[in-house]
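Residues per chain are reported as follows:
Number of protein chains: 2
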Amino acid sequence: MPIAIAPDQPDHGIFSGSAVVDVNNTSGFFDISVPAQERIVAMYTLNTPTSQTQEIAYSLDGGTSFLKYRGNPVIDVNSTQFRDPKVFFHSQTNQWIVATVLAQQYQVVFYASPDLKNWTELSRFGPAGYLGFQYEVPDLVQIPIEGTNESKWVLFLSINPGAPQGGSFVQYFIGEFDGKHFKPDDYSIGIQDFGKDFYASQTWSNLPPEQGVVGLAWANNWDYTNSVPVSGAWRTIQTLARTLTLRRTYTNPEVQRLVVASALISLHHVSPTNVYADIPLSGHAAIDLNITTTSATSDIMNATTLITIESSDSGFYEAIIIGVRNSMVWIDRENAPRNWRMPFFSTKLSTFVQTLPVNSDSAPVKLRAVIDRSVLELFINDGVQSAVVLFYMSCGRKPDNINVRVSEGMSAVVSATSLRGIWQCGNCSNSAQFMINERDEL
Amino acid sequence: MPIAIAPDQPDHGIFSGSAVVDVNNTSGFFDISVPAQERIVAMYTLNTPTSQTQEIAYSLDGGTSFLKYRGNPVIDVNSTQFRDPKVFFHSQTNQWIVATVLAQQYQVVFYASPDLKNWTELSRFGPAGYLGFQYEVPDLVQIPIEGTNESKWVLFLSINPGAPQGGSFVQYFIGEFDGKHFKPDDYSIGIQDFGKDFYASQTWSNLPPEQGVVGLAWANNWDYTNSVPVSGAWRTIQTLARTLTLRRTYTNPEVQRLVVASALISLHHVSPTNVYADIPLSGHAAIDLNITTTSATSDIMNATTLITIESSDSGFYEAIIIGVRNSMVWIDRENAPRNWRMPFFSTKLSTFVQTLPVNSDSAPVKLRAVIDRSVLELFINDGVQSAVVLFYMSCGRKPDNINVRVSEGMSAVVSATSLRGIWQCGNCSNSAQFMINERDEL
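From first to last, the protein sequence lines are chains X and D.
Using the numbering used here, the first residue of the first sequence is number 1, and each one after it goes up by one.
Using the numbering used here, the first residue of the second sequence is number 1, and each one after it goes up by one.
Source of the hints: derived by calculation from the structure; they are not laboratory data.
Treat the hints loosely; a few may be bogus.
Note: identical chains are not told apart, hence a pair may lie in one copy or across any two.
[Unchecked claim] Keeping only pairs whose Cα atoms sit at most 25 Å apart, straight-line, the calculated DMTMM-like set for lysine to aspartate or glutamate is:
hint, residue 1, residue 2
1, Lys152, Asp186
2, Lys348, Asp382
3, Lys398, Asp178
4, Lys398, Glu408
5, Lys152, Asp400
6, Lys366, Glu334
7, Lys183, Glu146
8, Lys348, Glu310
9, Lys117, Glu150
10, Lys68, Asp8
11, Lys183, Asp313
12, Lys348, Glu334
13, Lys398, Asp115
In this text the structure is predicted, and so the values were computed from the model without any measurement.
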């Protein structure tokens, strides 16, 4: 398909944005020939050598092609660092709201509009949280609190460069939005992902309530995305979509706080769940791995579960390792790749595990990991923490085995499921069955 | 010397605290036999299995021994997670102020006292910033703004575990303190050090104004301090003392913000400054290295300066590397140690360089590095950013050479100075002279 919204001049760029379905034709772009559910209006940043402005474009064919609005730009504040409009319909005040950033002023700027064309500034938020070099890609979304009928507004905000882990990352604030101001409950911040390859997270706004809040992110880091040791289609990807909720959880023995939890939306499994210690991967498009690890020993400093995702056909050791010990989870990608001298490709990532019960030492830790060629997406304790981590085997190899080991005093229940590939090719056959080492517990 | 303040019972502990000189004998602990400048009162946390309370003790011999106050505890809020009193005299309101934390409530609690014995709660701050598992070791201090007669109050706050880089770290807020409330200018946070071995930073309060604000930190990380591959006196240390200032600096081309800058207090150099490409280290107690690196090429992605601190006598490559490219600085300790399988010992640390001029690509980057056996303390652009990073050569070896290389299009001016050792032993001779490869520029 051709590019849907292309720049008109060689030195112009269509930068990040978002799109809404203008069901009620508030914009006036549509007539009855366009079904209500196909009335797509996109809002994006036009980048030129001298400015960044917000523009809109609309589609009369359900999103295949777009027409730019003749009245563009719809927001212009005479800035070269003003971008990333995230637009949604705010039903409580019956208006469109857009969140943008004055990136290098460290400000999120909110605007309202009745028709997507005429915008009025509502308020600003910031500087707050980690600043780094600049703000990017704001997302303001109402997220339900698990187990209640309540919800909170969450402002996600991406930073690049200058994230604490290096390069780019996503932080968030939890609070209230009254249609004009975002007011955080306090000025604490959360980090959406403790890996290093999760940036510019965005949600679909105005989904039907029964679908919850669904979002995804860009699975890479500006620190090294331009030189990752691969080529072609695998160079950079989006994460899997995940459903976001707010969960009230113990972050230490004294306090329960709301944190953003993420659960994968349903994946297309092709084989029933099985339980293994060694899981051969060859022939599978991707693997959905579930592990519950329990320490039954007082020697908590040494009781360890290691999950090794490895490639054995290269003649030397290539692996990415997930470890669990005490209340810590870590990921080590030092050997995948083995010899890529990229100083920003941090190889050791770790977190302490949230949802700590008062006696945390012997609490089980639940892991879910989806391993797809060169990306690991890890979810801890039903997604109360997550990490997206890229890894690269040599010569484009895929991992061909997952091995799970536990030390004395630990036990782990392991299940793995093959995922249906979207590629129609021999390499991605999904017909193989798991074969070896079936057992209930290691 | 014996322990100055020891617990009275085996299951009690004297935890972190601070001390002041009670020149005016507000406490009534002293008579004229104790010179005004020796009237030391220490405030610390008594940790018991059932509580943490704040206690005081005083010294009649200038700090060699301490007597515990009979009226202890002086602050008790019926908590097991209440600690780390940092006490100072607030001359504007003529009272003692102490900052403590209700660690797992994510609150800094401020108290005031006329006499160090009777304390009244003033206010609380938090939750704010990054929370992690808990707050520890608050420090509220007034810091001058460079080039002005103004100052701001800075609240430093340590987190462990759960820092974004993993384990423990120090964040700070900049604002005002009126003797009752700390009010941040905004709710942005700074990170005091981008390395992984800088925790529980503390300043000396009430220094004479001409000495500025001087502080130091613990050069380690709770994630691995109990298992570092060394023994004896080198197991864990404090950083060098540094003078803290607030510097108004460009964090991006649009905005100047205040950041905490740190400069080493004067060190005892023993040889004149020299300029080298290869600097042999053997025979020197420690090295104070100054490098200014400049890119004179448009190929900024590949123009790199590498400073390698290496040990060659082990028969294999052991080194810690500092790199500069474009507006990035990184530290790689992957080969020092080579084979320590510690998943939390992150080996690749990096930052983008602050104090960016509008045209940042060709701006010089100034580095100062002190290398002392197993610790690197790095200061970028006169301390606007800093990193403390531990490293370990095999078998207790010290690095024996520093090598500086630049790629085409870069230049570096290098000088190195030997530091006087405090150890009186043959291994730490400071009489050797630099020998080779002297030149003005590489």
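A quick look at each hint next to the structure:
1. Lys152 x Asp186: Intra 13 Å, inter 23 Å, cutoff 25 Å: intra and inter.
2. Lys348 x Asp382: Within. Shortest intra-copy distance 22 Å satisfies the 25 Å Cα cut-off; inter-copy 29 Å does not.
3. Lys398 x Asp178: For Lys398 and Asp178, the Cα distance exceeds 25 Å both inside one copy (49 Å) and across copies (61 Å).
4. Lys398 x Glu408: Answer is neither; intra-copy 31 Å and inter-copy 36 Å both fail.
5. Lys152 x Asp400: neither (43 Å within a copy, 57 Å between copies)
6. Lys366 x Glu334: Classified as within: same-chain Cα gap 24 Å, cross-chain 30 Å, threshold 25 Å.
7. Lys183 x Glu146: within (21 Å within a copy, 34 Å between copies)
8. Lys348 x Glu310: both (16 Å within a copy, 22 Å between copies)
9. Lys117 x Glu150: neither (32 Å within a copy, 46 Å between copies)
10. Lys68 x Asp8: within (10 Å within a copy, 78 Å between copies)
11. Lys183 x Asp313: So Lys183 and Asp313 fail the 25 Å test inside a copy (54 Å) and across (60 Å) alike.
12. Lys348 x Glu334: both (7 Å within a copy, 10 Å between copies)
13. Lys398 x Asp115: Result: close neither inside a copy nor across copies, 49 Å intra and 69 Å inter.
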